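Chains as they are written, first to last, in the UniProt record's numbering: chain B, 1 to 235; chain H, 1 to 235.
Hints in this document: simulated from the structure, not taken from any laboratory. Remember, it's a predicted structure, so these values are computed and weren't measured experimentally. There's no promise every hint is true.
No copy is singled out in the list; a pair is fine if it fits within one copy or between any two copies.
[As the list claims (entries may be wrong)] Here are the simulated DSS-like pairs of lysine-lysine, each with C-alpha atoms no more than 30 Å apart in a straight line:
no., residue 1, residue 2
1, K185, K196
2, K39, K104
3, K111, K217
4, K185, K217
5, K217, K195
6, K119, K185
7, K111, K185
8, K192, K217
9, K192, K75
10, K104, K192
11, K199, K217
12, K217, K104
13, K75, K111
14, K119, K195
15, K162, K64
16, K75, K185
17, K217, K75
18, K75, K104
19, K75, K46
20, K46, K195
21, K75, K39
22, K119, K199
23, K111, K199
24, K39, K199
25, K46, K196
26, K199, K46
27, K46, K64
28, K75, K119
There are 2 protein chains.
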Amino acid sequence: MNNFENEAELLVKLRLSINYPNCRSWHLGVETSNIINFKTVPANCKDYVEDYLITSQQYRYDSKTVCKEAYFYAKGLALRNDTYNVWIFDLDDTLLSNVPFYAKHGYGTEKHDPEAFRKWLEVGEAPGLPETLHLYNNIQELGIEPILLTERFQEFEEVTLKNLKDAGFPYWRHILFRPTGSNMKTANFKSKERKKLEKSGHTIIGNIGDQYADLTKDNPGRRTFKLPNPLYYEP
Amino acid sequence: MNNFENEAELLVKLRLSINYPNCRSWHLGVETSNIINFKTVPANCKDYVEDYLITSQQYRYDSKTVCKEAYFYAKGLALRNDTYNVWIFDLDDTLLSNVPFYAKHGYGTEKHDPEAFRKWLEVGEAPGLPETLHLYNNIQELGIEPILLTERFQEFEEVTLKNLKDAGFPYWRHILFRPTGSNMKTANFKSKERKKLEKSGHTIIGNIGDQYADLTKDNPGRRTFKLPNPLYYEP
Numbered sequence: 001m002n003n004f005e006n007e008a009e010l011l012v013k014l015r016l017s018i019n020y021p022n023c024r025s026w027h028l029g030v031e032t033s034n035i036i037n038f039k040t041v042p043a044n045c046k047d048y049v050e051d052y053l054i055t056s057q058q059y060r061y062d063s064k065t066v067c068k069e070a071y072f073y074a075k076g077l078a079l080r081n082d083t084y085n086v087w088i089f090d091l092d093d094t095l096l097s098n099v100p101f102y103a104k105h106g107y108g109t110e111k112h113d114p115e116a117f118r119k120w121l122e123v124g125e126a127p128g129l130p131e132t133l134h135l136y137n138n139i140q141e142l143g144i145e146p147i148l149l150t151e152r153f154q155e156f157e158e159v160t161l162k163n164l165k166d167a168g169f170p171y172w173r174h175i176l177f178r179p180t181g182s183n184m185k186t187a188n189f190k191s192k193e194r195k196k197l198e199k200s201g202h203t204i205i206g207n208i209g210d211q212y213a214d215l216t217k218d219n220p221g222r223r224t225f226k227l228p229n230p231l232y233y234e235p
Numbered sequence: 001m002n003n004f005e006n007e008a009e010l011l012v013k014l015r016l017s018i019n020y021p022n023c024r025s026w027h028l029g030v031e032t033s034n035i036i037n038f039k040t041v042p043a044n045c046k047d048y049v050e051d052y053l054i055t056s057q058q059y060r061y062d063s064k065t066v067c068k069e070a071y072f073y074a075k076g077l078a079l080r081n082d083t084y085n086v087w088i089f090d091l092d093d094t095l096l097s098n099v100p101f102y103a104k105h106g107y108g109t110e111k112h113d114p115e116a117f118r119k120w121l122e123v124g125e126a127p128g129l130p131e132t133l134h135l136y137n138n139i140q141e142l143g144i145e146p147i148l149l150t151e152r153f154q155e156f157e158e159v160t161l162k163n164l165k166d167a168g169f170p171y172w173r174h175i176l177f178r179p180t181g182s183n184m185k186t187a188n189f190k191s192k193e194r195k196k197l198e199k200s201g202h203t204i205i206g207n208i209g210d211q212y213a214d215l216t217k218d219n220p221g222r223r224t225f226k227l228p229n230p231l232y233y234e235p
């Protein structure tokens, strides 16, 4: 290792130890993709995140604004009828909420615990997000079909389908899971699936998710919509 | 005009008349590019914008977080020495602030007045933004040269150079203005100039601006950073 690499490594370590004194600024940085690749929410921002998600309900207002904007965009389009007009929905923290899980695990300030998260998924009781549920219903009235595209592994299919139906999401043109055990990154997996959809006669009118990994790379859709999420970063 | 187009037009009109009841949500929507193509700040959000920019200083905290993140990113890189390592800076509301102008014009709630704005530019007294000034100085210490890329017309070159120097920005490898009278869109103009730079031996390490038009299309740079701006939208 030369000196420069050594210095760079030290800086990364230093970086992780820095507190963000203004948690609202930290959060805006996350939502705008200025702050990326973080492993946990800064320890001093736990109360901010709880207030944002639960106490102040700002999370709900912010989600509603995004979903309304998405609906007005879709409503203003002249849709072609020689294609399958579809809308891509991410699943976790887009249709179904993992907030109850994170509320018990320090609101993102604790290191991610894959085993505990797996158990949470297996219970299949994640609540639906009401703002996205409105969008999901309203785009169907416009003649646009939902496609659910998730980084969840295929092995969770059964519990996920039941959870979705219980939460008010009974229909999809397709639901696409990641192959169990795949180590493909979310952004690459989703981009590949979207490309297949467009090659097979679908037009991706819109694409909504809570992570930039849902919305970037090739074939993102005619417009993308970013839901808020201050809890974690999906690379 | 067929019925569908008629309906779409009506919806656009309807859309413009909608208030965003939660101005913080409206602003987050703008910063995340969920809300685009708006002509003015919603009338009910004037106080929010004034508070954001002036009273609460949240604007300063948010800008500082972005600029710090940009600096840490740059500091962690191993720079090649067989290329010109450069950083692209937008000008208006990135290096120089037009907040004093907008403070006298309803904080973005009034229809844009090109004549009044022209007079403001001709005075050449826009203050420097201190957070970006830090970044501008610090990247030069790392061996990265600033390139200023602005949608301002060439005709404003003289007053702009003086304004920049007065505000603490004395150096640039290049400063690139839009040809006077050009109706090329900002995003296209900037993308074209960035492509020319990369073809002529420059590596765009980073790119910072307050509008998505500064940061999108081809050759955006290795990483882009979005400064906050609740005042206007540049298509």
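Structure versus earlier hints, numbers of those that do not hold, lowest first: Hints 10, 12, 14, 18, 20, 22, 23, 24, 25, 26, 28 contradicted; others consistent.
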